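Chains as they are written, first to last, in this note's numbering: chain V, 78 to 374; chain H, 78 to 374; chain B, 78 to 374; chain S, 78 to 374.
The hints are simulated quantities; they were obtained by calculation from the structure and are not laboratory data.
Any given hint could be a false lead.
Identical chains share a label here; the pair holds if one copy fits it or two copies do between them.
When the alpha-carbon atoms are kept at most 27 Å apart in a straight line, the in silico DSS-like pairs for lysine-lysine are as follows [what the hints assert, rightly or not]:
| no. | residue 1 | residue 2 |
| --- | --- | --- |
| 1 | Lys270 | Lys316 |
| 2 | Lys270 | Lys207 |
| 3 | Lys98 | Lys112 |
| 4 | Lys270 | Lys302 |
| 5 | Lys178 | Lys319 |
| 6 | Lys178 | Lys270 |
| 7 | Lys270 | Lys319 |
| 8 | Lys316 | Lys178 |
| 9 | Lys316 | Lys98 |
| 10 | Lys302 | Lys178 |
| 11 | Lys302 | Lys98 |
The structure displayed is predicted, hence computed values, not measured ones.
Number of protein chains: 4
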Amino acid sequence: MEIGFIGLGNMGRGMAANLVKAGHHVTVYNRTAAKAEALAQQGAIPAHTVADACRGQAVVTMLAGDEAVEEVTYGEHGILASLAAGATHVSSSTISVGLSKRLAAAHTSAGQHYVAAPVFGRPEAAAGAKLFVVAAGEPQTLDPLTPLFDTIGQRTFVVSEQPHTANLVKLSGNFLIASVIESLGEAIALVGKGGVDPLHYVDILTSTLFSAPAYQTYGGLIARKEFEPAGFAATLGLKDIKLALAAGDELRVPLPLGSLLRDRFLTLVANGHGDLDWSAIAALAGRDAGSGSDHSA
Amino acid sequence: MEIGFIGLGNMGRGMAANLVKAGHHVTVYNRTAAKAEALAQQGAIPAHTVADACRGQAVVTMLAGDEAVEEVTYGEHGILASLAAGATHVSSSTISVGLSKRLAAAHTSAGQHYVAAPVFGRPEAAAGAKLFVVAAGEPQTLDPLTPLFDTIGQRTFVVSEQPHTANLVKLSGNFLIASVIESLGEAIALVGKGGVDPLHYVDILTSTLFSAPAYQTYGGLIARKEFEPAGFAATLGLKDIKLALAAGDELRVPLPLGSLLRDRFLTLVANGHGDLDWSAIAALAGRDAGSGSDHSA
Amino acid sequence: MEIGFIGLGNMGRGMAANLVKAGHHVTVYNRTAAKAEALAQQGAIPAHTVADACRGQAVVTMLAGDEAVEEVTYGEHGILASLAAGATHVSSSTISVGLSKRLAAAHTSAGQHYVAAPVFGRPEAAAGAKLFVVAAGEPQTLDPLTPLFDTIGQRTFVVSEQPHTANLVKLSGNFLIASVIESLGEAIALVGKGGVDPLHYVDILTSTLFSAPAYQTYGGLIARKEFEPAGFAATLGLKDIKLALAAGDELRVPLPLGSLLRDRFLTLVANGHGDLDWSAIAALAGRDAGSGSDHSA
Amino acid sequence: MEIGFIGLGNMGRGMAANLVKAGHHVTVYNRTAAKAEALAQQGAIPAHTVADACRGQAVVTMLAGDEAVEEVTYGEHGILASLAAGATHVSSSTISVGLSKRLAAAHTSAGQHYVAAPVFGRPEAAAGAKLFVVAAGEPQTLDPLTPLFDTIGQRTFVVSEQPHTANLVKLSGNFLIASVIESLGEAIALVGKGGVDPLHYVDILTSTLFSAPAYQTYGGLIARKEFEPAGFAATLGLKDIKLALAAGDELRVPLPLGSLLRDRFLTLVANGHGDLDWSAIAALAGRDAGSGSDHSA
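Construct the complete structure from the given sequences, taking the supplied hints into account.
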């Protein structure tokens, strides 16, 4: 397929590279041009403007958040103005449910298509084509995109015909991971102060009822207090929890655990630790227990 | 080995049966004698008093909580008064950290041994010898018990030499499971009101980042609102969360998520639903979102 | 003074009437013109457009929230476009800290002045000139407005020279009142289920340590479950708590009690009770305790 | 009247002195005898044993908590064993609802009477006879005690005929005060970081909607971060909130704000600040906001 790819950060870089490797003609755009040049070495066509990345059947956006997606979509030479009628904007960024709805309406008005296809996985999974793709949109729009999704991920889940439902699933998924982090933080503060070795404890958990990747990944980081470098920064965690709460606001769904998480992330950021991995909120339970912590007191 | 087994409820029954099957001489006691008779058919020796169950090298207690364990341990004809010097009380019940400490001290004073060996797993796992045993105690006391643990469980973890640390791990484990339930309840309330099918949602979660037994078991129950019959009743969930908070009190470890869980269980029980499965707390998020619920409004 | 007054709702009506009564030349504007006509009977000059209300030395806005204030301020014939250089926009609405900052910057750019002067008090206090005015802005702008503030309120407090700090104080004040409501709701649920008469209880409280208006007003409403008609609707309570949390977000101040309040208001609104008085969140504690409640189950 | 008085701490000392001054024959007992000697100078009769303080028509206990009250009541030479038939135990300590019920039952069994009469007020109020007495018990038992209550307090409220309801009101009152402290802590953290002077802020609050003693007393302490010396220590605050939650447990009333307060007090105590005034929990909001604090980081 002939496609564009906008956003070559930690995640987008790997996704775009895999699309190139699979034989697609991929025109890549990044605000900082150097990153596009690097991909050009692997066979991608570097674009100098957003519009240049919109010449194919689809353009994928993989950006930091609402603001960045709005910037490349709206405006005189944005995606809306540049994409051909009948072509599709594939939004893979973690954005708000509200923006996803607005994008769907705007592209429909412009005679274009829109699908949301956020992904689960950290940068290593993006590089290794091991992402999980959570897609939503009209079947006739989604079906032709199957080869793209199969290239970047290990499996694709179609949520519904409403694009924004995929964003909702993505945000709720991050909420669930943050909940795992908080619960591990409290549990480890408790057993640790009670004389149990945290690493041994995490080993017991992940060998029994909690043999899921989320517990394995974060349990280790928390037990070792290994919050740098950030795989996913606390500031981004705060952003996502706020988006989940905003979705709850709009749908009128109170999320008390979500509120607790928001306060934890805000505490971390307020104390100057927004650049640590988001699992650092787990250290706050230890701080409150007086157990001391290098990073969050 | 020659052992006693006290407490033949949903869990104890399966554990005792497996010990018999493995060739141990097991004397079984239960307050309601009929349950002991049933096991006698399988080769156990029914005891008419607690003291009768204390004639061997070890006696296992698997009871509902602190009160029941105190009742069989203390008193004129209790375990303390009946167990031979050098024999061991293996406490597998989910009890408080405080009681576990008192039991350790009392048995030591009486020239007996004490280990804590609570288990993870639901009644099916007890029947199938698939429990996880979390043991703690002095090595010379624990070592000879290895065959017993290997008989009732699929794997044994030794936490430390302090028996009460095993109880702490067990309580923290139940706290973690309850945290999974609460987080799934909120997430399902959110995506459900947003138009995503709950069962499909749980399938996505458990196929990706949350492929752990806890998410599989409880995700399904919550998505189907299948809270009866209870595998583990809400009243017991409340009891265990209160024990975790009490441990936090004693160790001075605030557990804000634990506090939220306590309030959820208390709400369920206050509204007459204490006999539902403890996963029914998940329905409270939906109730607060106005989504309606048969069980908890 | 020659002034304009925009927004003749429950609060604005009384404030404008008092300004007229005190001898000021008051041009009044309301989206629904009928309300302006009613005030004309008392001596006010009805305006047909926002611009008509901007001919004097100052224009006061007393509207429902950010959106309404933005609507009359910006736009081709809004306050910014209509107010004379050197004249002042007095913003008395309960708006966000963020909007207050933007308004200050916009008016300064336009060569105009801006002060924030939100008020504490319910409609009866507005009618009786018993409001408390919480003002902030540059002294040379505020000083000439003293007679206006003295006319509508019983006392004026100047917070600082930064207008938005008055909005922050107003929002935090509403947060404090909502906290009183929640705490009374929980306390009354507790003592009520324990056999104490709620009205007698509130009488004890307000005769001793809690002899403040907030406890007297809301204690009575809660004890009598008298949530209709609303003096201040739950939807507005939700709006204000969200603004307080947004201010906390921007300033990086976690507000856990604020988060609890947000969830309470959201629950009320999600269950179709947004039109009740905001004190109805107090009934949720009783609902969770299984005490039954007509309004919020 | 001929009465005994047990417990001469900060509160009891002033209460007993006022009873002596009013002409009653007061036999005083304190575990540390020196305090009784001091009161003897003012006309009290020092007792050397609990039993000696139980020879009159009534004995008042004003002790630190459940344990202390149980110690003087039960046991071979305790109040139960020493008080005459028909005489009354007046329990003024802040104790659990559960203990108050047990005391009522025990005294009834012994042919004695029991009333609960906890008080509101700090040591200065006890010395100045300005306490508020919250009493509960059977009318025929309470009536003759009226002169005592009138002597120690400025006003007496009778809650109901069930003694424990007075304890419930007392505990809920302390919960309400702690709620005021928490809400002020969050509000001051918010406005303070936003550029408002905390003392000026408290002045505005207490001049308007919050003109109650609780806001005046604690607002000042919090704004000035004046947490030493403690008028009422954080450890006692923790004790009382836990008793309120325990009452909620027994009555099945979830108290989410109570849970938040418990975690705050526990955090303070865990970090070695249990001897500060209980208003120091207010500084935790500032700590979480990164505002720095000498006492609680």
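Verification of the supplied hints:
1. Lys270 with Lys316: For Lys270 and Lys316, the Cα distance is within 27 Å only across copies (21 Å; inside one copy 31 Å).
2. Lys270 with Lys207: Neither: 38 Å inside a copy, 30 Å across copies.
3. Lys98 with Lys112: Close inside one copy (17 Å), not across copies (66 Å); limit 27 Å.
4. Lys270 with Lys302: within (15 Å within a copy, 30 Å between copies)
5. Lys178 with Lys319: both (17 Å within a copy, 22 Å between copies)
6. Lys178 with Lys270: Between copies only: 16 Å across chains, 47 Å inside a chain, cut-off 27 Å.
7. Lys270 with Lys319: Between. Shortest inter-copy distance 18 Å satisfies the 27 Å Cα cut-off; intra-copy 32 Å does not.
8. Lys316 with Lys178: both (18 Å within a copy, 23 Å between copies)
9. Lys316 with Lys98: neither (32 Å within a copy, 50 Å between copies)
10. Lys302 with Lys178: Neither way: Lys302 and Lys178 sit 39 Å apart in one copy and 30 Å across, limit 27 Å.
11. Lys302 with Lys98: Classified as neither; 37 Å inside a copy, 45 Å across copies.
This entry does not satisfy hints 2, 9, 10, 11, going by the numbered hints stated previously.
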